[in-house]
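Chain order of the listed sequences is A and B. For the first sequence, counting from 1, position 404 maps to 398 in the numbering used here; every step adds exactly one. For the second sequence, counting from 1, position 21 maps to 15 in the numbering used here; every step adds exactly one.
Be careful, since some hints might not be right.
Copies of one chain are not kept apart here, so a pair can be met inside one copy or by any two copies together.
Computed cross-link-like contacts, EDC-like style, restricted to lysine to aspartate or glutamate with a CA-CA straight-line distance of at most 16 angstroms [said to hold, decoys possible]: (1) Lys542 <-> Glu486; (2) Lys522 <-> Glu649; (3) Lys269 <-> Glu701; (4) Lys269 <-> Glu325; (5) Lys271 <-> Asp322; (6) Lys269 <-> Asp322; (7) Lys574 <-> Asp144; (8) Lys290 <-> Asp63; (9) Lys542 <-> Glu484; (10) Lys423 <-> Asp257.
By construction, these hints were calculated from the structure, which means they are not laboratory data.
2 protein chains.
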Amino acid sequence: MEGRKFLSFISILLATFLFFFFIFSRNSNLLPSSTNHHFVNKVAELELQPPRKITPHVHVSDMVHHPLDPLTIPELNRVRSTVTSHALFNAANSHALHSVALEEPPKERVMRWKEGDPLPPRKASVIARVDGVTHVMIVELDSGRVEKVDVGQVSGYPTMTIEDMNTATLTPLKSKEFNQTIVDRGVDLKDLACLPISTGWYGKKEEKKRLVKVQCYSMEKTANFYMRPIEGLTVVVDMDTNQVVEISDNGRDLPIPKAANTDYRFSAQKNQHHKIKPINPISMEQPKGPSFTVEKGHMVKWANWEFHLKADPRAGVIISRVMFQDPDTGELRNVMYKGMASELFVPYMDPSDAWYFKTYMDIGEYGFGSQAMSLDPLNDCPRNAYYIDGVFPAADGRPYVQTNMICVFESYGGDIGWRHSECPITNLKVREARPKVTLVVRIAVSVANYDYIVDWEFQADGLINIKVGLSGILMVKATPYLNTNQVSSEEELYGTLMSENVVGVIHDHYITFYLDMDVDGSDNSFVKLNLQRQQTSPDESPRTSYLKATRTVAKTEKDAQIKLKLYDPSEFHVINPNKKTRIGNPVGYKVVPAGTAASLLDLNDPAQKRGAFTNNQIWVTPYNRSEEWAGGLFVCQSHGEDNLATWSERDRAIENKDIVVWYTLGFHHIPCQEDFPVMPTVSSSFSLKPVNFFERNPILGIPPNFEKDLPVCQSTSSTS
Amino acid sequence: MEGRKFLSFISILLATFLFFFFIFSRNSNLLPSSTNHHFVNKVAELELQPPRKITPHVHVSDMVHHPLDPLTIPELNRVRSTVTSHALFNAANSHALHSVALEEPPKERVMRWKEGDPLPPRKASVIARVDGVTHVMIVELDSGRVEKVDVGQVSGYPTMTIEDMNTATLTPLKSKEFNQTIVDRGVDLKDLACLPISTGWYGKKEEKKRLVKVQCYSMEKTANFYMRPIEGLTVVVDMDTNQVVEISDNGRDLPIPKAANTDYRFSAQKNQHHKIKPINPISMEQPKGPSFTVEKGHMVKWANWEFHLKADPRAGVIISRVMFQDPDTGELRNVMYKGMASELFVPYMDPSDAWYFKTYMDIGEYGFGSQAMSLDPLNDCPRNAYYIDGVFPAADGRPYVQTNMICVFESYGGDIGWRHSECPITNLKVREARPKVTLVVRIAVSVANYDYIVDWEFQADGLINIKVGLSGILMVKATPYLNTNQVSSEEELYGTLMSENVVGVIHDHYITFYLDMDVDGSDNSFVKLNLQRQQTSPDESPRTSYLKATRTVAKTEKDAQIKLKLYDPSEFHVINPNKKTRIGNPVGYKVVPAGTAASLLDLNDPAQKRGAFTNNQIWVTPYNRSEEWAGGLFVCQSHGEDNLATWSERDRAIENKDIVVWYTLGFHHIPCQEDFPVMPTVSSSFSLKPVNFFERNPILGIPPNFEKDLPVCQSTSSTS
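Here chain A stands alone, though its shape is the one from the complex (with noise of 0.2 angstroms):
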């Protein structure tokens, strides 16, 4: 080895050492003091795999630089310093923090907000359960002053802390029927891993009581214990007295499936002989580098596009602050507020005792952010993606980072994003053609099985698609059945035979959401521009129809109530009453919906009234802080009477106001074969699009590729 490369080959071992060194001591210092339970003895066997050549962000010196930015690790630790001290919590024999996120200062405060000016009072905003009562404190961080929040009447409990689902899936332990049941049932005690399942509301028997249904599962012999569930027991657990309140024990006599080919990590496919051929590397190289950046943390630029991103344990990500710099004017304009996931509701299909009430939240009652993972660079994001940590409170106040947890990253997979060539009939030598580059905000949420992947993806035309890939593990029930042969044809499975004695139960996902739109400005109408048949006239047309569309909008609440019907179509314009184009027309965005679901059970039903937001597809509200989250603020155990579908039957103003937009993307999911043991990723999505927003197509002036710009590339075998 020459001198030079054997020092860098020093330094990059050296670095390489003072990264993980940095990540692992990091980790234990900022992650939940979780209890060290009978999931650990398993860790050893399984892989972590590192993240590579990231370069880590140190937190604790995190500045505020923008209104919107998180609350820093001192602010978080300002904030429990000042509520634990606070005689609330002084008298309480126990505390926990189920939520602490920045209260964002006024919306008008914001919008007037430019670099170089001081910034607003910072505020959190805390949930917390003190003596088992659920308090909303509003804490000024300068003054340390504490101001309780009256948020009324209603039902429900705050997001579950990590801690309350850690030690939910410990507290069945501590009953010797259920040790019974799990030693009878053949499972060893080491190999138990058990889920915390929200309860819904169902009436009284979850009334007054904070509990979750804990599930268990065997990971003997792999680490998909999802595909071996220890079917029909359910265990009652109280997450504020961590005492065991029922147990339901109803499968004794179901097998539990077998371990075999269920596990997909990469380190178990060794010996499977798939037959698939190779693809050989495929990267999307830059080698002038992203043309985004990401300035003081949260600031994104690229394209003409610029926002404000953040991580956050509710929602995921919120992107606030939305604007788009006119490619004519050069004027910055604005075209959301904030737009995030507000709530994800997914009823499974199965009326039994173990499965009814699964009809999870997943926003509200797991939290969409506390639940997103590390994303693994190269495989959940491209080599240039560009990496936001969130900074959390765990349940006791201190502040944790969840690293890795946002990737941003430009996307160019080939597709164009205009082009027109002439053809033989006019014989003129034109073609023209535009890549489409992309910019991609990315997390990926696993609730448990689950993964969600939620894209943000700008348009450099200035549209914004919204996507949502569903992919991790089915929620599946074992059955006695080897063969679907063996199934009577009266008998209902709730699903689909997947594999040996496991059935994918039929579930929907409905994820709502949140889209402050303030398309150049707050002030704002919803238009439906609905295209009707027209008959014409005798002697009119040789045609006998033709389309019309017309323009109606909407004055209230009820009049954007919205049912998409293939039939009777329309398009749904959020426009600015106030500013026309050169030639006339109101500026707008239009939300373009795609491939998507309604939820069809019963208005009734319990389920349904607490995912009652979902009964349309659209909604629209008036702006009003405290409707952000469309369960509801405390989804745990609601009753659904207090979420969007209550609010909009108030039926408010909405014409020429600051407005809301709320729209549900819904999946309905027969599972098949394909989806064991972990699916593949099934996608929807849908956009917010720009009409006469621009006075002309806004990327005209991009230029087309040329081949002196692309890089110059070789594979890193080949050069070492």
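Chain A is already provided as a structure; the job is to place chain B on it using the hints.
Just chain B now, with coordinates in the frame of chain A:
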């Protein structure tokens, strides 16, 4: 310059010279002998970007390797000499070949064929007009035998030839009245650009003459003449006699919209001062080269897929014999015998004189392949794309080469094939993700103003996604208005004011795909898996409802006339009732719709009668060689009495039969200013997805990306 570098510089120079020499000499030899009309004098001003670094294919020595290979140049020449020496042609005053394509051997013969077997006898199917009469003939290439085919008494004329279209645009100039009105409107004849517009069929007027309607534009000061319509002027031309039949001239008072800001070419943007922030080059790089092969010109092999691919003058591309090698067993399994775009229906929504007939059927009237232009390397397709030419016959039967008409490339835009992380609840250190790489087959069809990008995207997990992108230039209407405030509320614009004096007329696009699915063999069934709400019985469950899937096998065609319904959802499976998975599920593929639109026109509207194949989104017919074109074989001026809708009405048996699935992807297009002067691509798609086709997730064994496998790149400029 060093000696070696100089040498390579010289050889590159030489290669470049030879390449261009080859291209241009080829083009001038092989392009249809285009009439030297008035467009030509504009050519010098416009830019032709020659393909870069693409090795041209030599076709004069093309060999036939597969029963489905398209006709080669020698074969086309043989067809030409055979038919022109036939008595029918000998005795005729005029003749033109409207279609010369491979008469594919019987399906069972093709399916039996294996590499190395002798090829079935080669035949050509010829559609010719001889002295004003349409003939369909089968020409046996070896024997020279010509067999006339009786296609019955159906209305309509064959696809226009490019010569038809070129001649038609010149014919109006024969008319003094026409020339006068052009001059009266202030247009110099040298700036005239005219388009041949299919007439549709609206009764007697169109009967017994092969007509086209010519509309004209001013190309003064712009390459984008489409934005400068000479409104209200329609010239009916007889394409058999090349005579003007009628001139309708109703727009004398309407202005011709200005040329300013209409040019979309890169060269025209230089003085536009777009405030567009530059995007650094980004390129999909494959240091070890692409992973696909195209063997013997047509057999594509990638990942576990293989299929036959060819250019077709009418369909654009035809994908045949689509098979997937099962990763568990290694078996090569049938998925689809043949897939192609079958018809495209584009009704405009303006019943007035110069617009009502604009109800294009682009595939049957113009030819999707003959209008598919050379793709622009680096911009229409990414860097490592492989290009395939079309070898097509001109009207006189001479073959010409449509260079670089199809591209094939691997795509990776950062998507995730599957993933799972364990979350804090389980505390297992598992994080597995796989990048999603796909193979794309693309054409871009320019039917005059509009551009259709048709992608067949193959995923490694067995899914085929068929995506249609719309770009290009809108068909617009001149209007007196400069601003919407001049338009009275009673007046119907039939569209959107997009620029001064320019209305973008509302229109739909319906593209119907022919999908001859052969899931593990030809005998398949079509199954609806309908999801319906079940109410639980009292005391059955705390839930009052759940969704239950009910399977219904379609017995006859009418059972499979499907209108999609958001609130009555189904999955649509093509299963093989004779083959089950290990655990007893029938193997299948499902048709997965995404965003789409349905035709709302009056079923008795002459336009909708011809486009009746759009009356449902899905149809299933029994395989029938003569039922390939959804709008019928002869589409120009067809009455609509012989198309998919009428075939399906026969209600033939389709259970456990060789069946064909037809899917129609629809778009409503209400124009907006962003579509001016060229529209950003709007896409939608549908998928064919394995459903219990595999025993389990077929991409389990795909390895993740590792840094060591990715390329090392630098920017080209930094290497110079």
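Hints and how they fare:
1. Lys542 <-> Glu486: Between copies only: 9 angstroms across chains, 47 angstroms inside a chain, cut-off 16 angstroms.
2. Lys522 <-> Glu649: Close inside one copy (12 angstroms), not across copies (43 angstroms); limit 16 angstroms.
3. Lys269 <-> Glu701: neither (37 angstroms within a copy, 24 angstroms between copies)
4. Lys269 <-> Glu325: between (56 angstroms within a copy, 9 angstroms between copies)
5. Lys271 <-> Asp322: between (49 angstroms within a copy, 12 angstroms between copies)
6. Lys269 <-> Asp322: Between copies, since 6 angstroms is at most 16 angstroms while 54 angstroms is not.
7. Lys574 <-> Asp144: Neither: 42 angstroms inside a chain and 60 angstroms across chains, both beyond 16 angstroms.
8. Lys290 <-> Asp63: within (9 angstroms within a copy, 59 angstroms between copies)
9. Lys542 <-> Glu484: Result: close only across copies, 13 angstroms inter versus 49 angstroms intra.
10. Lys423 <-> Asp257: Between copies only: 14 angstroms across chains, 57 angstroms inside a chain, cut-off 16 angstroms.
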